[in-house]
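> The task is to assemble the complex, starting from two chains supplied on their own in separate frames and drawing on the hints.
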Amino acid sequence: MGTITAPDLAATDRAKIDAIVNKFKDRQGALLGILEESQKQNKNSYLSEEVLTYISFKTKVPLSRIYSVVTFYSFFNLKPQGKHNIVVCRGTACHTKGSKALLDDVAVLMGGEKELEGGEPTFTTSDNEFTVRTVACFGQCALAPVVAIDGVIHSNVTTIQMRKLVSKISKGRNLR
Amino acid sequence: MENKNQVNVKINGLAYSVPKGSTILNACKGAGVDVPTLCFLEDVSQNASCGICVVEVKGGKSLIRSCITEVFENMEISTNSIKVREARKMNLELILANHPNDCLNCLRNQNCELQTMAANLGIKEGRFVRTKPMDMLDESSLSITRDPNKCILCKRCVNVCAYTQTVFAIDIVNRGLKSKVAPYMDKGIGNVACTNCGQCALVCPTGAITEVDNTAEVWSDLQNPDKVVLVQTAPAIRVAIGEAMGMEQGALVTGKMVSALRKLGFNKVFDTDFTADLTIMEEGHELIKRLTKGGTLPMITSCSPGWIKFIEHFFPEQLDHLSTCKSPQQMFGSLAKTFYAEKMHIDPRKISVVSIMPCTAKKYEAKRPEMMGAFDFWKEKMNLNEDEKFYDIDHVLTTRELSRMFKEAGINFAGLAEEEFDSPLGASTGAAVLFGATGGVMEAAVRTAYEVVVGKPLPSLDLKVVRGFEGIKEAELDLNGTKVKVAVAHTLKNARTLMEQIEKGESPYHFIEVMTCPGGCLGGGGQPIPTTWAIRQKRADSIYSEDRKKGLRKSHENPEVAALYKDFLKEPLGHLSHELLHTEYTKRGIFV
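Which chain is which? The protein sequence lines are A and B, in order. In terms of this note's numbering, the first sequence is residues 1 to 176. In terms of this note's numbering, the second sequence is residues 177 to 768.
Pulled out of the complex, with its shape left as it was, chain B reads as follows (with noise of 0.2 angstroms):
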């Protein structure tokens, strides 16, 4: 029988029974037949502006791009005539032509879909010659660079900042062979609220944006003998490295990073985790008390860099909702500087923290004017000058930075032993790993709270309605009687609707958290290239899998966090805490 919701085509002679409505690209792709794409981004871009993916469709008068194309009724499809090989060919020398030929000197040289594409689709020589004016680097931003230069305008960056986040910091300007991308006025992204999320990065197919690479500046203070080099790694970071490294998607491989930090040479290997269960205590604290003495409610979380930038511009006057938590990375930096320093008897002037991080934000981040607790600990009782200034992170790697220094130390990642965390900075919980997907802080803190107000543990530590991959995910939790409403978003583009909610008065949340890119941290603008949603699930997978590995799973049960308490902050929300692990916002508003 025929059925309405299908449509019969031939794609290259054979006949298939694809879904109504479907593109001509992914009816091919249910075929099993291969399309080659360049501009085209599931769920990012559909622009159809690259000319790659065309396709000979019979009785047609032209060549058809697949990817904006629907299928009809006895359509017939082929995907590699002569016709349409040529014009693939020759689409790509068009764009090449105006494609800087420096593959070798390039960040994103082996990770590169216009290379790639030219090696499949078999370009030999460049035809043609430059015909674009040439256009300064953009390098005006902590966290990205952009190179106009290299860019081939499939629009994917706008897409992702304007649709996913709801920036809106950069779009397509000029016409015709000035069209480029950029900013208002062409200010460079470092002066327009842009919120350094690097998502453009991450979906670039080209060299075209890029983090800021600090990988020199690291290698020199690995170098320096009079440099104390901590190095602490973000939660997700154990979930891709090993990718980067060309193991399989989503690799749980800590051991074998920590082996290969120091491998590199940092003096100590430390752990974020450590300071996101430290960040629990806090921040469960500080919900405990908005909840019992009165405090502005929702409250929302305050690890994510990209989405402190977006309230701060987007939403100025709500920041009484964030947290005063700073985020882990943060809170690691103030304690290296302070308590380890104290501890190991070490000039804090001396030591070099480092984060390696999944994430472009934490760049800005780590030099936010604020981010200073250990100098102004140090101060007075060092009698150090304000010229002596020096920040708590020293320096922020992503991910890829990270898998080019082993690279370049030719460190066999794969077939390295595994290696435990330096103490004191290196014990966590299975609840601290769960930071790097979204869901996860609520998830930990759920834990501790519940513990802490109830007096008993949860029935059951796995909270599995924050899990997944759904935009806004909520949840009411009964704490000895009091009903707690809790949300997750993930994205911008949500956390802007939760925002929109608290700023009419209709918000029906105590607490919410808040993660900027899509998947949480697991899918950050510093990850591997590619991150799609099949493998942000596989490294969900290998976070959620550690943490059921854990023997200690609640952050209260950290024994290193309870020792620095003893030993140092005294208690959560005390008078050390305030000065070193919490932090203020600033108004910033859209008109920078």
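The following block holds chain A by itself, in its conformation from the complex (with noise of 0.2 angstroms):
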């Protein structure tokens, strides 16, 4: 490939990025390793555009590829999440037990409904605290309805419950 021209990416996050690659050097399947790492580095857990051109120019492998594998893993962030993460779960046994109206009750707790309601998965709250999305199952489908908040399960969730375990999180965020 020719000189190309590196795109534009601050030096520090550029060391970071630089490190990463090097460490998966030569290795197969590198990519997913590479965009792991660079979105664990990241304060806000995300990819952003400049660091996925970053990559490719690094990697060689090319833009569209990247992002063609970034937006197949959900795992993957293009925007930057809130400090807690809040992921209800969507599968069928949650289901059954209400979770589609826990999901609606966060949202409204937290602003988002307009996201949810225009198909998005996943919102984030203008301030960054709170991430909130959905999974189709974490495998606890005894414990249904279940909500992991900052990694951790919850089950048997409750509108009265979740309400508490988030604000217990926000300290004194104003919840609606």
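FYI, nobody ran anything at the bench for these hints, they're computed from the structure. Quantities reported herein were computed from a predicted structural model and do not represent experimental measurements. We put the beta carbon where it would ideally sit given N, CA and C, even for glycine. Accuracy of the hints is not assured; some may be wrong.
Unchecked claim - Taking lysine-lysine pairs in the BS3-like style, the calculated list, with each CA pair at most 25 angstroms apart, reads: (1) 308(B) <-> 100(A); (2) 114(A) <-> 356(B); (3) 114(A) <-> 669(B); (4) 60(A) <-> 669(B); (5) 83(A) <-> 164(A); (6) 79(A) <-> 356(B); (7) 308(B) <-> 114(A); (8) 354(B) <-> 79(A).
As the list claims (entries may be wrong) - Chain B regions said to be covered by chain A (calculated; three or more residues, Cβ under 8 angstroms): (9) 338–348; (10) 351–360; (11) 761–767.
Here's what the structure looks like:
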């Protein structure tokens, strides 16, 4: 490939990604690992366009291919994520036990009804405190409905419980 | 005796011996049994995504996709059992559920594989409703329009872009119902490193990727009494437009095409072949200059605008290798609004130049900011303001668009009498028509360069080694004791191979011809659909027969080109040539 000018990216971010790409050098399937670590080192756990472009520059994987990969796996975030994350299970068992109502309640609490109605599977509050998303199944169907807050799984969750859990971590944040 | 390379199979109850390792689809084809396919496209796409080519195999648990499954000994295949037919129908109905029902308003109406398949499989009702979210039209490109709603996710476009052209402008993004074809970050195809070659539009089975339609602008100019509308036709149109008008594949219809263009209302019908001859004069002298006086070698041709954008994106440090010659389309535009305007006493601002091209990338080329040679020429002479700027070329139509205009005007193309191009931008030699096929620019250049350097004509005018569809062809010429090595590449994948050699400093060549599309312009992204290798071959045969028929077969023998130099340009590579016929390139890089 010809001499192609490197895309714009802050020098500090560049160094981090250089190190990650180096670590995966000559390994098969390196791209997934590189993307995962690059997302992890970002304080808002997401992959910005600048970072993706720089990864393409370093790995020589075409931009379109990288975009294809990051949009296939729901693990990769293309938008900044909130400090806390709330994952509502939308699997069959949780659904029959009312997880849709739970999700709607969280959306109202956080002010993200519009995004969810617009078909987005996820939203982040404007102050970047919370990200709400769904998952197809946690594999904890006996405990339905299940919600994970910052990685901790809560079982048989009701709207009242959910409100309590959320206000506990939101520290005085005004919930509607 | 048993043949190790064959296997015995039964297709619909009849026994056949078929090549080992062949797919069920090819085995059936060889046996003369038709299996319908939709996403499959020979040499391009084998993704088994549509489920139309399913067949039943005895002992199999489920139906099998014949395009990707190999035959085995004693396989018993049924291609049309009730189970197979019902499955095909169901799969097609599911695809159709997410396809807009607007065939009547679609550019691909009556030339759509999905529509044909629905007719062939006997689809009578739409039992399912759309489940996919609607998406926006992508109108960011000057060359290509994408309508993701019409896409059936066959991946032909993704494959041709990635593997025929090594451009990787698009890929499948998202997952499940939201899957779609998109460029990086969904930016719009005009905003990423796309070469505008249009091969994606050429292989698309539906109307999801099409040329940008510029027919309305051309109709409007044709109806404007204040405009003098000139048309030029590229070498590869005369071997393809007949096909688009219902004649046989590869039909050579130069005279009928000229007649039909006059009937549409163009004031003058000129020929890009004229400026192809001129290109040989300029480029040939440029090559001789680089060989004798020093300059970057190998020199590479610059006629193919997809290739130009490719090298600007992917090899931005190697632009010095390009010939500085504008493409024949652009040379024509510059001359029409300077030389011709002056000669005929027409205000250049009143001239509208329309190009008929086999190419979608020409639409982009015409709107490059540097393609205003005529404006710069007249600026001081006519005291023009910057806001009066005009392009050398006003509109570019593909072969497909022109055929739509002919049809709209009710022109009975096949029945037309043959007519001649107008003068003075209409005369051409056999060398010029070769520009339409891979190897043609090289052959034309050699005919002239040999004679200029050696002082006598080539022993044989037919340079067979650079003909044909091999990916990279090479030849060595003896120019008065100087050995000149040349190479010819078509498709950007092959161009990339030659560029990587150049980058490493290992290129043994002095002169390279690159054409973006498979087969050259005759297989261009704006040509009639379908364009298969068999059809490309027929178009190539017609190009070589047109060359043989011409009285003059060497560009420097073109009398109107000679007159142009005598009366206007003075000499190849002269001052005026530089101003009007040569150009410069832009370092773009991939990260645009």
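> Taking a Cβ-to-Cβ distance below 8 angstroms as contact, does the stretch 338–348 of chain B have at least three residues touching chain A?
holds (count 6)
> Residue 83(A) and residue 164(A): Cα distance at most 25 angstroms?
This hinted pair holds, its Cα atoms lying about 18 angstroms apart.
> Within a Cα-Cα threshold of 25 angstroms, do residue 308(B) and residue 100(A) meet the stated pairing?
21 angstroms, holds
> Does residue 114(A) sit within 25 angstroms of residue 308(B), going by the straight-line distance between their CA atoms?
20 angstroms, holds
> Under the criterion that the straight-line Cα-Cα distance not exceed 25 angstroms, is the pair residue 114(A), residue 669(B) satisfied?
Measuring from Cα to Cα gives roughly 46 angstroms; hence the hint is violated.
> Would you mind confirming whether the straight-line C-alpha gap from residue 79(A) to residue 356(B) stays at or under 25 angstroms?
20 angstroms, holds
> Taking a Cβ-Cβ distance under 8 angstroms as contact, does the stretch 351–360 of chain B have three or more residues in contact with chain A?
holds (count 4)
> Taking only the CA atoms, is the gap from residue 114(A) to residue 356(B) under or equal to 25 angstroms?
24 angstroms, holds
> Quickly compare the C-alpha distance for residue 60(A) and residue 669(B) to 25 angstroms and report which way the hint goes.
Given pair residue 60(A), residue 669(B) holds - Cα atoms ~16 angstroms apart, limit 25 angstroms.
> Do the alpha carbons of residue 354(B) and residue 79(A) lie within 25 angstroms of each other, as the hint requires?
Since the Cα atoms of residue 354(B) and residue 79(A) sit roughly 18 angstroms apart, the hinted pair holds (cutoff 25 angstroms).
> Are at least 3 residues of the stretch 761–767 of chain B within less than 8 angstroms of chain A when you compare beta carbons?
Contact hint for the stretch 761–767 of chain B vs chain A: holds, 3 residues under 8 angstroms.
Going down the numbered hints, you'll see the structure goes against just number 3.
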